[in-house]
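Turn these sequences into a full structure, and let the hints steer you where they fit.
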Amino acid sequence: MKIGNHEHLTNLAKELFKEERSLKKLDGWFRIKEYRRETDELWEDLPPVEKAGQQLKIIAERLPLSISRYAVFAGTQRDAFARSYALINPAFRVETFSGYCDPTAVYDDIDEDAEFTKERIEKMRAYDKETPFVKELSKVYDKYSEYTDEVAFFIEQVTGHVIPDMRPAIKYGVKHLIEELDKKEGNDKQNSHRRGMKYALEAVLILAERYRNLALENAEKTNDEDEKLRLINIAEALAKVPAKGAETLFEAIQSFILLWQIMCLEQAPNPFAFSVGNADRIFEPYRAKENLSREDTAALLKHLLVFYNVADRSWAISQNLIIGGKDENGNDMTNETSFALFDAYYDMNMPQPILSVKLHKNTPDSVYEAMGKFFFTPGCLTPSLFNDDAMFEVLSNHGVKTEHLADYSIAGCQEPLIMGKDSGNTTNSWFNLGKILELTLTGGFSEITGKRIGKTDDSSALEKLQNIREKFYANAEEYASLMTDAANGASKALSLLPVPFLSAVMGGIESGYDARDIDNQGTIYNGSGCLIHGTSVVADSFVAIDCLLKDRPEDADKLIDAIKNNFEGYEELRDYLLSCPKFGNNNEIADKEAVEVTSKIADIVASKKNYLGNPFRPDFSTPSTHLLYGYWVGALPDGRKSREMLNYGIDPLHGDANQGLGFRTLSQMKLPYDKMCGGCASHLGIAPKYFKGETYEAKGLEFRTKIVNPLFFNPLQQGISPFYMYLNITTPEMLRKVLDNPKKYAPSGVYIMRIHGTFVNFLDLSPAIQQDIITRLDPKSTGGIEC
Amino acid sequence: MKITVFEKGFNYSQDGPGNRLVYHLSGCNMVCPWCSNPEGMTKSGKEYDTSEIINEIISSEPMFFDGGGVTFTGGECTLQAEALCEIIDSLPHVSFCIESNADTPDFLSVAKKCDTVIADFKSPIQERLKAITVGNLQVIESNIRNIEKSKHIHIRIPLIHSFNDDDESLQGFIDFFSSLNDNYDVEILPYHEYGKEKWLKLGKEYTVTDGFVKNETIKKFIDKFKKNSIKVIKT
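Chains as they are written, first to last, in my numbering: chain A, 1 to 787; chain B, 1 to 235.
Every clue listed holds true.
Think about it this way: if two alpha-carbon atoms lie no more than 20 Å apart in a straight line, the pair counts; the simulated PhoX-like pairs of lysine-lysine are:
id, chain 1, residue 1, chain 2, residue 2
1, A, K492, A, K129
2, A, K780, B, K46
3, A, K33, A, K123
4, A, K240, A, K175
5, A, K592, A, K550
6, A, K692, B, K234
7, A, K780, B, K198
8, A, K139, A, K129
9, B, K201, B, K46
10, A, K592, A, K670
11, A, K2, A, K240
12, B, K149, B, K113
13, A, K143, A, K455
14, A, K689, B, K234
15, A, K689, B, K196
16, A, K564, A, K471
17, A, K2, A, K228
18, A, K689, B, K198
Computed far set for chain B versus chain A, every beta-carbon distance over 12 Å:
id, residue
19, V139
20, D182
21, N215
22, E216
Everything labelled a hint here was simulated from the structure, so no lab data went into it. Just so we're clear, the structure is a prediction, and the values are computed from it rather than from any experiment. The beta-carbon is built from N, C-alpha and C at its ideal position, and this holds for glycine as well.
Next comes the structure, spelled out in structure tokens:
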């Protein structure tokens, strides 16, 4: 390539990443807030979507820009994010986490200095508090705080969390999209929304022009011939893209980066979990046209991957990139760019963007061979795995058209959405079955604070236990209604912040409606997500109650006192409860109960409608929230003590499955995956010694045989197979060593572990989250036999 | 009927082909000092009714899809031959495997019912075998010879320094294997100390002090076997 060989470009990418991680300050998002404030009045009379489009143009015009001396491409995401406003950061404490109820809490996140004075920050905060969006959202949070304070449920407005389809913009150019918009005619609302989209698309042209000028200016100034060459290359590309269609891989990536940048700026400071989709399919046509080698392709892609890393906040941006999979006819879609991406990821080993891999029964050996080195190199990032064969069935059963199935991808952690067509509001609501069971048992009083929550039930302890299922599901139904009302309130509040740029890459050009509109559906698919917590602790609790009533009816009365006292003074009873059958051991009774809880709760959630009348999507995943929500749940009849974590996703509670991987797999195969259209999460922590292969490639194939095939592609599976898993192939002992001696085991300062749908630098995490990762390796649930 | 098990779980391809549901049965007629499962030497363990085991196998069948099945090992599994036969006969469609020391009178009756037979052949020298393990070479040789007539057998040699890694043993192995019908293969399992901690936990003395075998010795064994047309495999 004219800008240097792949080794040189790789070195630059590594320097660029180092430079990015050394950034300690992010203030672009604050400037954006100020630009918006400054123009709110100016465009007071404009319809909201048009105003949002115009404001994005102002942001593109005013935002300070720079191009690193190591850069190969122009563009950054860093102005779209605040530094630590996220769940998983080193300062995070389970004890003090209170959700994201206050949208102005982000102002605590900027360090005061001479430029960003306290007065300047507080002025902006005060202004924001009076905006219609914040007022509306605050009303919702206030109304439901009785339930959200101790997390019977939680709700949030969903920003980010979709998969834009940038392919037309890259291929035909943004000017072409604007021409398309100009050609469309609709009603007044559509015309207005399309005008807003046009302004928003113009914003990216402004940004490109500014970067081009900056590249030329910097090229004039620099004495470094290599840098000059790269800057001129950027300027040449930006003279063409994203305004016009890309023809080379370089142009395609450059175009994509600026489109992504503007999309994120539109949602600053919360563009979390915007996801790329199948990057191999996006970029392969351009690579193929040039017949670019795998090494050169990987070198350029390394710079794309660095783009996804924002300052030193390597955690929880949750942007996902996916590789592989099949088309709707079953043809494998792996290509040369897929392998170049694997190479780029492995060599860079960065905490962002999250890597996912789609598998199907005919995935070639080469994909498993390529994955071997990820899984078996300690401290290396690992892909999460999706089962296309099952996912296609699930999505198809829930209304996705056949021609759109291949374009499903992952937004954030594990939520499947259709690229460019699906506004899934994935994290809109969070349902805590553990808390609902607690309130059912106590008759509406919190074991944690003693507060009354929801309606009371003064029936006797025995009556409650004898009718526990009926009472629990009735409560779940009632809480689900409250939760979805609240969630819809948050979505309605968020509709006050339209997103015309995003809409333009989510089918809005065709539909003429903003993707957040609450009256007209702007995207082909729409729904709202509900993350369901605590299925197995609830199922195991039901089983334990049954056993107690049968074996020791004389002790039934004691159970509720025991859980109210966190089993203090009731240790023998707790031991008994712990000895009752638990999900995850291929026990018929416990597994059947888990299936029933999962199924019934999924039905309850799916029966609720969102703001557009579309069903809520049951998502059985708990992205660290099994820990947070567990903290607000008292002791339960399965023997789990107060404030301890809930089970993760669809997994058994750690320690409860103790018969090894085979029995656990059998249990998990029974769950009703067809009902999990919002997604599900499962983690396996496996000891490296389980794999005997002598090379990474051999271990990759062995991994398929021992782990993937039994779960994903098992011909004896009844119903739809599991479709998601992530793994950490390590041991608790190893991770303790890393923590004790990071210099020895992670000399680079980066030791990547999977935490849920995302991977993170283990060393950057708070102690509670580090401990959670170690605990959930749960070796007894996944070990081979030790004889 | 009752069956006593001290450990169970799945393992992949180490104890027979594919994914194996492995039952370690309690009790052993040998006393090998390098044993990696010394907890299985006594008859203590969890007692199950054979019907429970049968039901567990049935519910585990989805894991056997790629050629897997059930493996009985130990201890010495054929000491509970009657229970094993009942289980195997109840589940004709399931693939069964035994791992045995081949030193029991009931070895043949169980092995004949299995799809895969794995047997140890610890030493070709009777005095040494008897002195160290209390094994009976004649019984072992006869059992292996007999089963090999009708069924392929996978023979494992736990190679232990100062027990069976000398030239005399090597020649003895070659002589015995060469006298078989070619319906077998051999695997060498070099000495390891995975079980050492278990011995100590059980309050027993671990008496092997010098069991590790040199790499060149392993290579020599493999080379000599191959030269003598003895099929050597690694699982």
